[in-house]
Structures are given as structure tokens and as C-alpha cells.
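**Q** One-letter residues, chain by chain:
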Amino acid sequence: MSSFLTANAALIITLVKIALILFIVLTVNAYLTWFERKVVAHMQSRWGPHRVGPHGLLQPLADGAKFLLKEDPTPAGVDKFTYFLAPLMALALSLTSIAIIPFGPQSLHIFGYEIKLQIADINIGILAIYAITALSVYGVALAGWSSNSKYPLLGGLRSSAQMISYELALTMSVVGVLLMAGSFDLRAIVAQQARHAQWGFFGWNLWPQILGACCFFIAAIAETNRVPFDLPEAESELVAGFHTEYASFKFAMFFIAEYTAMITVACLIAIMFLGGWLSPFPATPFWNFTHYLPSVILIPFGLWVIWDGIRYETIFGRLVLPGIGTAMIAIGAALIVFPAANEFIQGPFWLLSKILFFLFVYVWLRGTLPRFRYDQLMSFGWKLLLPVSIANVVITAFIMLLLRSGK
Amino acid sequence: MTALVIFFVLAALAVLGALNLIVQRHPIHSALSLIVVMVALAALYLSMGADFVAAVQIIVYGGAIMVLFVFVIMLLNAGVEERTNASKLAGIAGIPLAVALLGFLAAAIARSPGSPEAASQTRALADTHSISMMLFSNFVYPFELTSFLILIAIIGALVLAQRERP
Chain A
1 MSSFLTANAA
11 LIITLVKIAL
21 ILFIVLTVNA
31 YLTWFERKVV
41 AHMQSRWGPH
51 RVGPHGLLQP
61 LADGAKFLLK
71 EDPTPAGVDK
81 FTYFLAPLMA
91 LALSLTSIAI
101 IPFGPQSLHI
111 FGYEIKLQIA
121 DINIGILAIY
131 AITALSVYGV
141 ALAGWSSNSK
151 YPLLGGLRSS
161 AQMISYELAL
171 TMSVVGVLLM
181 AGSFDLRAIV
191 AQQARHAQWG
201 FFGWNLWPQI
211 LGACCFFIAA
221 IAETNRVPFD
231 LPEAESELVA
241 GFHTEYASFK
251 FAMFFIAEYT
261 AMITVACLIA
271 IMFLGGWLSP
281 FPATPFWNFT
291 HYLPSVILIP
301 FGLWVIWDGI
311 RYETIFGRLV
321 LPGIGTAMIA
331 IGAALIVFPA
341 ANEFIQGPFW
351 LLSKILFFLF
361 VYVWLRGTLP
371 RFRYDQLMSF
381 GWKLLLPVSI
391 ANVVITAFIM
401 LLLRSGK
Chain B
1 MTALVIFFVL
11 AALAVLGALN
21 LIVQRHPIHS
31 ALSLIVVMVA
41 LAALYLSMGA
51 DFVAAVQIIV
61 YGGAIMVLFV
71 FVIMLLNAGV
81 EERTNASKLA
91 GIAGIPLAVA
101 LLGFLAAAIA
111 RSPGSPEAAS
121 QTRALADTHS
131 ISMMLFSNFV
141 YPFELTSFLI
151 LIAIIGALVL
161 AQRERP
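Residue numbers (this note's numbering), protein chains in the order written: chain A, 1 to 407; chain B, 1 to 166.
Next comes chain A alone, as it looks inside the complex:
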């Protein structure tokens, strides 16, 4: 048995990593729905979910149970094979793209094996993600078509058209970054931004590529079908768009796919334009104290969670919340005691902070902006976003040529 383990170590490590990341992503997905409802509720002067568990923290679990237990009717006259294939495709493809995201610069070393914080370290990283994005249109289009109903068909048609249109801008807007990095590899793109680490925040691709970053962000929102580009599921005109005829867990699969796509896009923006795992503070000895930021955030937050938990009368509030708080304080203290662990956590800490920030921006936009009209969406994508991102490529290439000939 042990010889089998050592012979297939790489395979087993990868499988464990896949299981772990799948678990994390699905949990984050569930709590992203909680986060979204809570933030939008507070923006609209409501409380949001607060019945199930303290602060409604158990609401995602209740929702999950509801999705599993609800009746799952198949409408008459659907194209069975495609009807079942569509949610599977949407979910599988959006989960696959997470595999290519690197979550930190260093590797863990356990029992002599090097474990990268990434499932698949491939040298065409960004292209592979685009390949997966290109296929993910089918989930939506086929769901709309196979439902044998008018609203889903219209929703599916709209969203295919929207995704094809915005995919172009999405691709063109990163070409500037690729030109600067000279590689498709996500690690190389971050390494290129680390060349001006002493400038901190100002060394990131965001500044030279500000046009590209804006185009990418807008196109990414449209590509993930979020507000203000959520026309495929415009309630007032199309009921629920392409997933009108889907219930129960099949609906949940579309939902998980959408939220996973949001996470992937947030990772991509963080890596390509915001320096990935680089700290926003300059990498000079003067700023070394910022390395204690994870502890400084974790310990007070843990204390607050304990204080908040003991005020509840329920078992979950009294026991679980203080437990989580104690764990946070313990981790924060451990990071201060073990500098090596603290150094290791810096990269993932900053990357996750940036991802969280962008997830917040997604929710913020949803609480703020009204929906576009369909013709506005199309003319915006084709007549503004695409030309601007192409201009960005030309300008970047021209400036790079000037700088290179100047040397």
C-alpha cells in the first residue's frame, strides 16, 4: 500500500487538492449568496437573512437542503438529453477554470513533496481559461433551447449573443497585459508586476493598463451575466430567462456555476491587474510591519466573534461562534510566533483580500445599478468596449516598441 502511495504521489496530491479546492469553492459559493443578500439588504435598509442561525449564518445550509429536497419536475416536451446536459456542462466548466488559478507564490513542502497552491500549473494559463469560458456559453444556450418554452429560448438566445459579443472585449483587453508579461502563464504575469515591488501599489499592471483593466472588468461582469448585464434572466421581461424551466438541484447547478464564474473572474482581475499575491505596500524594510496585518485583522475579529457569540441563546451561537473566534485568535497568534508561516501566508492573504474586494464590488454594483436595455448592451459592447480594448493593444504595443528602441 505504501509503495502504491509513493509511486502515485503526484496523482494523489492532485486528487486531494482537487477535493480540497472543490470543498472551499462550494462553501465560498454558499456563503457568497449569504454575503450578497446581506450586503444588498443593508444597502436597501433591510436586515437580510437573520432567522436561521446568528446573522442568518446557517441560511446557506438551509437553502442547500431545500435545493436537495424540493420536487424536481421535468416539463413535458423537453429535449431530455440536452435538458440534463446543460446544467452539468455549466457547472463542470465553471468549476474547471478554478484549477488553473494559482493562489500563492510559494509551495508547501510536506514529507518531501512539493505542493503548489494550484491544481494545474500550465504555461498557457490564461488561454486555457478562455477556452473554458468559450465553451461555457453552451450551458446557457442549450438550457434555453432544450426547455421547449418561449421565455427560456429568448433568454438563451440573448445570453449567447451577449456572451459571444463580450468575449471579444474580454480577450482583447488582456492582450496588453500579455504583451507586457510576454507570457500566457499567470505566475509569469504576477512575476512581471513584482519587478517594481519597491513601488508597491503603483507597480501593478493597473496603472499602465488602466484602459485594459476597465474594459476587462466591464466585459467580465457581462460575461458572468451579472447586474447591470443580467439580461438573460431579466425577471420583468423573461421570467427567469434560460433557467425558467429548471427546478431544485438543476437550478442550484446553474446558480453555483454563476457564482463560481464570479470567483474565477475576481481571481483573474486580481492576478492580471492588481498584482495577484503582491502586497500593496512597497517591498522595503520600512514597510515590513505590514506583514503582521493578517494577525492584526484576525485577532480583533476573533475577539468580536466570541463577544458576539456569547450573547446568543442558541447552541450554535453559544458554542460554535466562540469556537470559530478562538480558532481565529489562535491562527493570528501562531502567525506572530512562527515568522515562516507568516511569510508563507502573505501571498494567499493578499490575493484573497483582492478577490473578496472584487466580490464585494459585484454585489455593490447589483445594489446600485439598473439593468441595461438590450440594444444598449449590444451597442456598448461592440461600439465602445471592443474599439477601446483594441486601441489599448495598439497603444501598449507602440509604447513598448518605443521603450525598447530607446534602450
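Just so you know, the hints here were simulated from the structure itself, not pulled from any lab data. Values in this document were obtained by computation on a predicted structure and should not be read as measured data. Think of the CB as a built atom: it goes at the ideal place given N, C-alpha and C, for glycine as much as any other residue. Just to be clear, a hint being listed does not mean it is correct.
Claimed, not checked - So, partial list: chain B residues that the calculated Cβ filter (under 8 angstroms) puts toward chain A:
| no. | residue |
| --- | --- |
| 1 | F8 |
| 2 | A18 |
| 3 | I28 |
| 4 | A55 |
| 5 | I58 |
| 6 | V67 |
| 7 | V70 |
| 8 | E82 |
| 9 | T128 |
| 10 | I131 |
| 11 | F143 |
Go by the hints and put chain B onto chain A.
**A** Positioned in the frame of chain A, the structure of chain B alone reads:
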């Protein structure tokens, strides 16, 4: 050994997808089979170490072109295809032709000098850098001419689409 198994699985997937493309009566099912063929081909390229070509195969063929097919089929709401006498004739004439084509291909493969050279050729095309170097040095004229062809096609499509409006 593993590489051979992967090759045969992917090759079988591609061939079965292509057969299913013809057998299926509904255009959407045929289009889906074609997507399976495209993705299987991309996976074959990947197994040969040509990452870039594999990704482009999926983005261009699996993504753009097939999405357009599916989109048009959905937009026209095309139903199950009808079989007429002409399609029966196509079946009778098609089988000998398919056998002949298979024979030619088998003969060409049998005469080709082994796999090592083919493998070395793909290695030269493996990474993005060497592909772009070849595109913009040796093959720059065909490359630019192809771009012009695509541009002309786009303008043609625009002219056709605008014709109804005065």
C-alpha cells in the same frame, strides 16, 4: 503505454462523435456531436504537447464557430430533418465513397515514415513563441493574405446584412 491508451480513447471519442453527427436527426444534436469531435481533437493536440494549438482549437472551433452554429439553429428553430429519396441515394453513394476515403487514408498512413518524425514536428510547433516566430517570418505572406480574406468576408457579411435598408 498510458499515452497510447489516452490516444485511443480520444481517437475513439472523435470518431464516435463524427459518426453520431451523421446519425443524429436533430440539428442541435449533430452540432453537439461536432463539439465533441472538436474537443477530442484539442485533447489529442494537448497529449502531443501542443498546448497553444489545443487552446486555440477549443477557443476558435469549439467556442466561436460552434456557438455560431448552435445560435443559428436556435434562432431558426430548425426541427428534425426530413428524409427524402435524395437522402437515400446519398446513403447508397456515400458508403462506397467513405470506404474509398478510408482506404486512401490507411494507405497514406501505412506509407508514412513512422511516428518519431511526426512527434519532432509537433514539438517544433509546441510553444507559443515558435509558432508566432514561424507565422510572422516564414509564413507572413499567407498569414496576412488570410487576414485580408477574413476582412473581405466580414465586409461581405455587412453588405448582405445592410441590403434591405436603403
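**Q** Hints first: check each against the structure and report whether it holds.
**A** Each hint tested on the structure:
1. F8: 21 angstroms, violated
2. A18: 18 angstroms, violated
3. I28: 6 angstroms, holds
4. A55: At about 4 angstroms, which falls below the 8 angstroms cut-off, the nearest Cβ of chain A leaves the hint on B:A55 intact, so it holds.
5. I58: With a closest approach of 4 angstroms, the B:I58 hint holds.
6. V67: 5 angstroms, holds
7. V70: OK, holds: B:V70 within 8 angstroms of chain A, min 6 angstroms.
8. E82: 18 angstroms, violated
9. T128: 7 angstroms, holds
10. I131: 11 angstroms, violated
11. F143: 17 angstroms, violated
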